[in-house]
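Please take these sequences and the hints and turn them into a complete structure.
Number of protein chains: 2
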Amino acid sequence: MMLNGFYKRLLPSPPAIDFVSNNGKKLFLEAYQNGTMQGFNSLISHFQTQTELTYCGLTSLTMVLNSLAIDPGRKWKGPWRWFDESMLDYCGPLETVRANGISFEKLASLGHCAGAKVEAFRASNITIDDFRKYVTKCSTTDDCHIIASYHRAALKQTAGGHYSPIGGYHAGKDMVLILDVARFKYPPHWVPLSLIWEGMNYIVGSTGKTRGFLLVSRPHKEPNMLK
Amino acid sequence: MMLNGFYKRLLPSPPAIDFVSNNGKKLFLEAYQNGTMQGFNSLISHFQTQTELTYCGLTSLTMVLNSLAIDPGRKWKGPWRWFDESMLDYCGPLETVRANGISFEKLASLGHCAGAKVEAFRASNITIDDFRKYVTKCSTTDDCHIIASYHRAALKQTAGGHYSPIGGYHAGKDMVLILDVARFKYPPHWVPLSLIWEGMNYIVGSTGKTRGFLLVSRPHKEPNMLK
Chain A
194 MMLNGFYKRL
204 LPSPPAIDFV
214 SNNGKKLFLE
224 AYQNGTMQGF
234 NSLISHFQTQ
244 TELTYCGLTS
254 LTMVLNSLAI
264 DPGRKWKGPW
274 RWFDESMLDY
284 CGPLETVRAN
294 GISFEKLASL
304 GHCAGAKVEA
314 FRASNITIDD
324 FRKYVTKCST
334 TDDCHIIASY
344 HRAALKQTAG
354 GHYSPIGGYH
364 AGKDMVLILD
374 VARFKYPPHW
384 VPLSLIWEGM
394 NYIVGSTGKT
404 RGFLLVSRPH
414 KEPNMLK
Chain B
194 MMLNGFYKRL
204 LPSPPAIDFV
214 SNNGKKLFLE
224 AYQNGTMQGF
234 NSLISHFQTQ
244 TELTYCGLTS
254 LTMVLNSLAI
264 DPGRKWKGPW
274 RWFDESMLDY
284 CGPLETVRAN
294 GISFEKLASL
304 GHCAGAKVEA
314 FRASNITIDD
324 FRKYVTKCST
334 TDDCHIIASY
344 HRAALKQTAG
354 GHYSPIGGYH
364 AGKDMVLILD
374 VARFKYPPHW
384 VPLSLIWEGM
394 NYIVGSTGKT
404 RGFLLVSRPH
414 KEPNMLK
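Chains as they are written, first to last, in my numbering: chain A, 194 to 420; chain B, 194 to 420.
Any given hint could turn out to be false.
Heads up, the list lumps identical chains together, so a pair's fine if it works in one copy or across two of them.
[To be verified] Okay, derived cross-link-like pairs now, DSSO-like style, lysine-lysine, Cα gap no bigger than 27 Å in a straight line: (1) LYS349 to LYS218; (2) LYS268 to LYS201; (3) LYS310 to LYS201; (4) LYS218 to LYS326; (5) LYS218 to LYS201; (6) LYS201 to LYS270; (7) LYS219 to LYS349; (8) LYS310 to LYS218; (9) LYS330 to LYS218; (10) LYS270 to LYS349; (11) LYS201 to LYS349; (12) LYS219 to LYS330; (13) LYS219 to LYS326; (14) LYS268 to LYS349; (15) LYS219 to LYS299.
Derived by calculation from the structure, the hints in this document are not laboratory data.
The structure is reproduced here in structure tokens:
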């Protein structure tokens, strides 16, 4: 019997290493022992699948907001306050996102409106060493998380621009763990930091600007909405 | 400003140890090094929040089906075949589950219809040593996962009956990692195996029967629907 559609895609490997493979587990244990997976437990506890094929940005942000224990200040279901993609409508209805995805600037704004501190870095404005410094910072503490905005072509993956959080760092191999929110397609995977950096340097066609990453952390003050 | 509802609940600890705490990370690393977290990577890669407050059974099963890479044989969204709670309607529309949750037998049947091999164990029919044997088996391989059906009171947690998958085992401390699908309420947590066993021994009021656990694995043959 022929089945329609796809059951996942084969992860191009190299350059990626499947998190669930023996090699991926070995890298994970080494990185964990080395203290560069400090943000992993909180982030993986909130790992989720993008609920719409255009929601990779919203899903990545939702994961990070819940990981940072930011209170949305309103209810999700029943009595529970909790972030879900459907609640990220601070900048207007989500119909546009559903149709076209979301821009780098708008995602940063959404994170800010939701109560997080968001620093946005275009790859064109910094160096790979800066990027590595931020990856190291967020992988050795629970206080911040990085959402990468990159083009999948740098990783030999199908489709184009994508967002996903970075779940940890292996300093010895200089590799990052991508928690790909398109979980129906690719498992979490390790990739060379230099390649995700290359993917962040792809130009977003319509804008002439590169992609980059968002550094998201808890604000020192109360979220805007709670003032 | 007073906010309505709850932002999570304080995890009663003891008896539980928060997975995201320093102590929880220490237990995790020890168990991982000891080889009793072999199913963790696949299961955590599919960790999700129950999308309805009565869906803990469906969500636990969805996680396990996706972790075992069982192909649903039909599309979820776009071209992608992937399990989601909404697709577990083999035994009829999900309205009843939304209203009342799902029974132990029906959840086992759903897993079977979805293409998995499901063995259901009532706590009254086996011993704690049998349970530990199955936990050990599924934590030292990627081939099976356990869904616990228990009463939260044994863990001093609020609310009643609940389902969640077991994410790994710490043999030295005899503790299991509960990947609680009510993520808006409690983080993943370690608990003594003896206490989750106690929770599985609570009677389901309406039936006079105890709770227990489902041992879910890939079938040796093709799933029913693909014959």
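To see whether the hints hold, each was checked on the structure:
{"no.": "1", "hint": "LYS349 to LYS218", "in the structure": "within (22 Å within a copy, 34 Å between copies)"}
{"no.": "2", "hint": "LYS268 to LYS201", "in the structure": "between (34 Å within a copy, 11 Å between copies)"}
{"no.": "3", "hint": "LYS310 to LYS201", "in the structure": "between (34 Å within a copy, 21 Å between copies)"}
{"no.": "4", "hint": "LYS218 to LYS326", "in the structure": "both (24 Å within a copy, 24 Å between copies)"}
{"no.": "5", "hint": "LYS218 to LYS201", "in the structure": "within (20 Å within a copy, 31 Å between copies)"}
{"no.": "6", "hint": "LYS201 to LYS270", "in the structure": "between (30 Å within a copy, 12 Å between copies)"}
{"no.": "7", "hint": "LYS219 to LYS349", "in the structure": "within (23 Å within a copy, 36 Å between copies)"}
{"no.": "8", "hint": "LYS310 to LYS218", "in the structure": "between (32 Å within a copy, 26 Å between copies)"}
{"no.": "9", "hint": "LYS330 to LYS218", "in the structure": "both (22 Å within a copy, 18 Å between copies)"}
{"no.": "10", "hint": "LYS270 to LYS349", "in the structure": "between (39 Å within a copy, 23 Å between copies)"}
{"no.": "11", "hint": "LYS201 to LYS349", "in the structure": "within (15 Å within a copy, 40 Å between copies)"}
{"no.": "12", "hint": "LYS219 to LYS330", "in the structure": "both (22 Å within a copy, 21 Å between copies)"}
{"no.": "13", "hint": "LYS219 to LYS326", "in the structure": "both (24 Å within a copy, 26 Å between copies)"}
{"no.": "14", "hint": "LYS268 to LYS349", "in the structure": "between (40 Å within a copy, 25 Å between copies)"}
{"no.": "15", "hint": "LYS219 to LYS299", "in the structure": "neither (37 Å within a copy, 38 Å between copies)"}
In terms of the numbered hints stated before, the structure departs from hint 15 and from no other.
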